[in-house]
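Undergrad: Here is how the chains run, residue by residue.
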Amino acid sequence: MKLELVTLSGVKVDQEVYEVMLPTAAGPISVFPGHEPLVSIAVPGAIVVREKKGDPESALEYYAVSGGVIEVSQARVRVLVDEADHGEDIVEAESKAALERALKLKETAKTEVELEKATQLIDRHQVRLNIAGLRRRHRR
Amino acid sequence: MPSQRQLKGRIRSVKNTKQITKAMQMVAASKMRRAQDATKATAPYTETARKLLAHLAKQGATKRHPLFQVRPIKSRLLIVVASDKGLAGAYNSNVAKQYLRELLDDNKNQVNTKSIAVGRKVTNFVTRLKDAELVGAYEDLPDTLEGYELRPALDSAYKLFVDGEVDAVDLVYTEFVSSVTQIAKTERLLPAGSAVETAIQAETEDVPQEATFEPDEETVLESVAYRLINAQLFQAFLDARASEHSMRMLAMKNATDNAGDLIDDLTLEMNKARQAAITQELAEISGGAEAMK
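So the sequences go chain by chain: G and B. Mapping of the first sequence onto my numbering: position 102 corresponds to residue 1322, and the numbering continues sequentially without gaps. Mapping of the second sequence onto my numbering: position 210 corresponds to residue 234, and the numbering continues sequentially without gaps.
Be a bit skeptical, because a hint or two may be false.
Said to hold, decoys possible - SDA-like cross-link-like pairs, simulated, lysine to any residue; straight-line CA separation at most 25 Å:
| # | chain 1 | residue 1 | chain 2 | residue 2 |
| --- | --- | --- | --- | --- |
| 1 | G | 1330 | B | 75 |
| 2 | B | 64 | G | 1246 |
| 3 | B | 75 | G | 1309 |
| 4 | B | 64 | G | 1316 |
| 5 | G | 1330 | B | 301 |
| 6 | G | 1316 | B | 111 |
| 7 | B | 75 | G | 1295 |
| 8 | G | 1222 | B | 168 |
| 9 | G | 1222 | B | 51 |
| 10 | G | 1232 | B | 166 |
| 11 | B | 75 | G | 1355 |
| 12 | B | 138 | B | 191 |
| 13 | G | 1326 | B | 138 |
| 14 | B | 75 | G | 1250 |
| 15 | G | 1232 | B | 191 |
| 16 | G | 1330 | B | 111 |
| 17 | B | 64 | G | 1229 |
| 18 | B | 75 | G | 1246 |
| 19 | B | 75 | G | 1316 |
| 20 | B | 75 | G | 1255 |
| 21 | B | 82 | G | 1264 |
| 22 | B | 42 | B | 138 |
| 23 | G | 1316 | G | 1255 |
| 24 | B | 82 | G | 1232 |
| 25 | B | 145 | G | 1232 |
| 26 | B | 75 | G | 1280 |
| 27 | G | 1222 | B | 163 |
| 28 | G | 1232 | B | 111 |
| 29 | B | 75 | G | 1304 |
What the hints assert, rightly or not - Here are the simulated distance ranges between beta carbons:
| # | chain 1 | residue 1 | chain 2 | residue 2 | range |
| --- | --- | --- | --- | --- | --- |
| 30 | B | 117 | G | 1327 | 53 to 63 Å |
| 31 | B | 108 | G | 1335 | 39 to 49 Å |
| 32 | G | 1277 | B | 44 | 27 to 37 Å |
| 33 | B | 167 | G | 1325 | 53 to 63 Å |
| 34 | G | 1244 | B | 67 | 22 to 32 Å |
| 35 | G | 1326 | B | 67 | 27 to 37 Å |
| 36 | B | 61 | G | 1244 | 39 to 49 Å |
To be verified - Far from chain G, some chain B residues (derived; all Cβ distances over 12 Å):
| # | residue |
| --- | --- |
| 37 | 57 |
| 38 | 62 |
| 39 | 88 |
| 40 | 171 |
None of these hints come from the bench; they were simulated from the model. Nothing here was measured: the structure is a model prediction, and the numbers come from that model. Each residue gets a CB set at the ideal place from its N, CA and C atoms; glycine is no exception.
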């Protein structure tokens, strides 16, 4: 089954995978090859990818994504989100600091653009922190 | 003829200007390259959103949705995209001209026009017009756009359209065709029907007919349409950015070349003045020597 992760800044993932965990509006779902065709909404959260059958927990790949759309068909999972970050690029301490900054920014925001930016940053870093936590648990 | 000293001063000042324009040219060139890469990177997103929408349109979901409603146009919203800074050749004035053309058209067809301006130059232009109704202005957007910057503009356009205050939303921006060709043009954003038609035409891929929609068709459609419009708007912004930088680069290159020519001319004139002074002095000396005899 092929996974396509498409963001505003380009195609992030385009590869064969065995299992994908997706954050939908109704909670996380797991998609395996042969899943029934589905179109759903992605919420900010973690996409977890298992490349081959039998890969251990520690070999999972994580992506922090913002909201978007998911399309599952027979041979393909297509995820359309505004942005996605690979788990390895996330530094927990940095995200924590950034989240605090974003919260402060939200309080002091004067224009609509600033407010939007702050909300976006808060969402992004919260998701990142969650992912960092998940990764830590699985690596242990 | 100006004196040598005056000429020297002028050469120095032109040289300084040349250095500045040269630096601006380099900056614009590097920014243009980055902006160009960004425009390319967004293409797959738009493409995917189109495919999804085509898929939904085939199942007839788009007919009932408010975003796709085609109404007779009695009022419309123009989103005008230009830059905060000048010195970019005809960039801002081309957009302003295109905008004026749209306004005149609306005037003729008795269509009520509202405007959202992006960029300081065009905001100033719109506020100076007597009967242009400005409903929003955005300035000082960051150099690298990520997408969220447009949300407020998009949301207000979305709201105006769904509430029925405007019957169409059009974008006036500069399309980036290549680094030498940029065209100011108008593109329809809402109703999203035109996007659906092109998407259906482009769609050749076999999509599963009986897909499940979660939570329901309408919510999914809403999300896809929103994303497609967002991508369209984002693409237009990126195009406008790339155009701005390449036009600025060209303008600055011309300025640098002109400064070079001017320096050459002035240098020639100065050399002439110097030679004239030397000749004059020699004549005086030899004249003086002649008189001593």
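Undergrad: For each hint, tell me whether it holds in the structure or not.
TA: Status of each hint after checking the structure:
With a C-alpha separation of about 38 Å, the suggested pairing of residue 1330 of chain G with residue 75 of chain B is violated against the 25 Å cut-off. With a C-alpha separation of about 34 Å, the suggested pairing of residue 64 of chain B with residue 1246 of chain G is violated against the 25 Å cut-off. At most 25 Å may separate the alpha-carbon atoms for a hinted pair to count; residue 75 of chain B and residue 1309 of chain G exceed this at roughly 30 Å. Restraint check for residue 64 of chain B and residue 1316 of chain G: the C-alpha separation of about 32 Å exceeds 25 Å, so the hint is violated.
The suggested pairing of residue 1330 of chain G with residue 301 of chain B is violated, with an alpha-carbon distance near 65 Å, which exceeds 25 Å. For a cut-off of 25 Å, the pair hint linking residue 1316 of chain G to residue 111 of chain B is broken: about 41 Å separates their Cα positions. The hinted pair formed by residue 75 of chain B and residue 1295 of chain G meets the criterion: a straight-line CA distance of about 16 Å does not exceed 25 Å. Between the alpha carbons of residue 1222 of chain G and residue 168 of chain B the distance comes to roughly 31 Å, so the proposed pair goes past 25 Å and is violated.
Between the alpha carbons of residue 1222 of chain G and residue 51 of chain B the distance comes to roughly 41 Å, so the proposed pair goes past 25 Å and is violated. For the hint pairing residue 1232 of chain G with residue 166 of chain B, the CA-to-CA distance comes to about 23 Å; that is within 25 Å, so the pair holds. For the proposed pair residue 75 of chain B and residue 1355 of chain G, the alpha carbon gap of about 34 Å is over 25 Å, so the pair is violated. For the suggested pair residue 138 of chain B and residue 191 of chain B, the alpha carbons sit about 11 Å apart, so the restraint of at most 25 Å is met.
For the hint linking residue 1326 of chain G to residue 138 of chain B, the alpha-carbon distance of about 30 Å lies beyond 25 Å, and the restraint is violated. Note on residue 75 of chain B and residue 1250 of chain G: the hinted pairing holds, with a Cα-Cα distance of about 23 Å set against a maximum of 25 Å. Of the supplied pair hints, the one linking residue 1232 of chain G and residue 191 of chain B is violated, its CA atoms being roughly 37 Å apart against a limit of 25 Å. Of the supplied pair hints, the one linking residue 1330 of chain G and residue 111 of chain B is violated, its CA atoms being roughly 29 Å apart against a limit of 25 Å.
At most 25 Å may separate the alpha-carbon atoms for a hinted pair to count; residue 64 of chain B and residue 1229 of chain G meet this at roughly 9 Å. In summary, the hint linking residue 75 of chain B to residue 1246 of chain G is supported, as the alpha carbons are separated by about 24 Å, within the 25 Å threshold. Note on residue 75 of chain B and residue 1316 of chain G: the hinted pairing is violated, with a Cα-Cα distance of about 37 Å set against a maximum of 25 Å. Of the pairs offered as hints, the one joining residue 75 of chain B and residue 1255 of chain G holds, with about 20 Å between alpha carbons and a cut-off of 25 Å not exceeded.
For the hint linking residue 82 of chain B to residue 1264 of chain G, the alpha-carbon distance of about 28 Å lies beyond 25 Å, and the restraint is violated. The hinted pair formed by residue 42 of chain B and residue 138 of chain B fails the criterion: a straight-line CA distance of about 42 Å is larger than 25 Å. The hinted pair formed by residue 1316 of chain G and residue 1255 of chain G fails the criterion: a straight-line CA distance of about 36 Å is larger than 25 Å. Between the alpha carbons of residue 82 of chain B and residue 1232 of chain G the distance comes to roughly 28 Å, so the proposed pair goes past 25 Å and is violated.
Among the hinted pairs, residue 145 of chain B with residue 1232 of chain G is inconsistent with the structure: their alpha-carbon atoms are about 36 Å apart, more than 25 Å. Between residue 75 of chain B and residue 1280 of chain G the CA atoms are separated by roughly 29 Å; this puts the pair beyond 25 Å, and the hint is violated. A hinted pair counts as satisfied when its Cα atoms are at most 25 Å apart, and residue 1222 of chain G with residue 163 of chain B does not qualify at roughly 42 Å. Pair hint residue 1232 of chain G plus residue 111 of chain B does not hold up; C-alpha atoms about 36 Å apart against a cutoff of 25 Å.
Taking the CA atoms of residue 75 of chain B and residue 1304 of chain G, the gap is about 20 Å. The hint holds against a cut of 25 Å. Checked against the given bound of 53 to 63 Å, the beta carbons of residue 117 of chain B and residue 1327 of chain G, roughly 41 Å apart, lie outside it. Between residue 108 of chain B and residue 1335 of chain G the beta carbon distance is about 20 Å. The supplied range of 39 to 49 Å is therefore violated. Between residue 1277 of chain G and residue 44 of chain B the Cβ separation comes to about 59 Å, which falls outside the hinted range of 27 to 37 Å.
Against the hinted window of 53 to 63 Å, the Cβ-Cβ separation of residue 167 of chain B and residue 1325 of chain G comes to about 19 Å, which falls outside the hint. At roughly 26 Å, the beta-carbon separation of residue 1244 of chain G and residue 67 of chain B lies within the given 22 to 32 Å, and the hint holds. Between residue 1326 of chain G and residue 67 of chain B the Cβ separation comes to about 32 Å, which falls inside the hinted range of 27 to 37 Å. Taking the beta carbon of each, residue 61 of chain B and residue 1244 of chain G are about 32 Å apart, not inside 39 to 49 Å as hinted.
For residue 57 of chain B, the shortest C-beta to C-beta distance to chain G comes to about 16 Å, beyond the 12 Å cut-off, and the non-interface label holds. At roughly 7 Å, the least C-beta separation between residue 62 of chain B and chain G is not larger than 12 Å, which violates its mark as non-interface. Every CB of chain G lies more than 12 Å from the CB of residue 88 of chain B, the least distance being 17 Å, so the non-interface label holds. Once the 12 Å rule is applied to beta carbons, residue 171 of chain B is inconsistent with being away from chain G; the minimum gap is 5 Å.
Hints 1, 2, 3, 4, 5, 6, 8, 9, 11, 13, 15, 16, 19, 21, 22, 23, 24, 25, 26, 27, 28, 30, 31, 32, 33, 36, 38 and 40, counting from the list given before, are not met by this structure.
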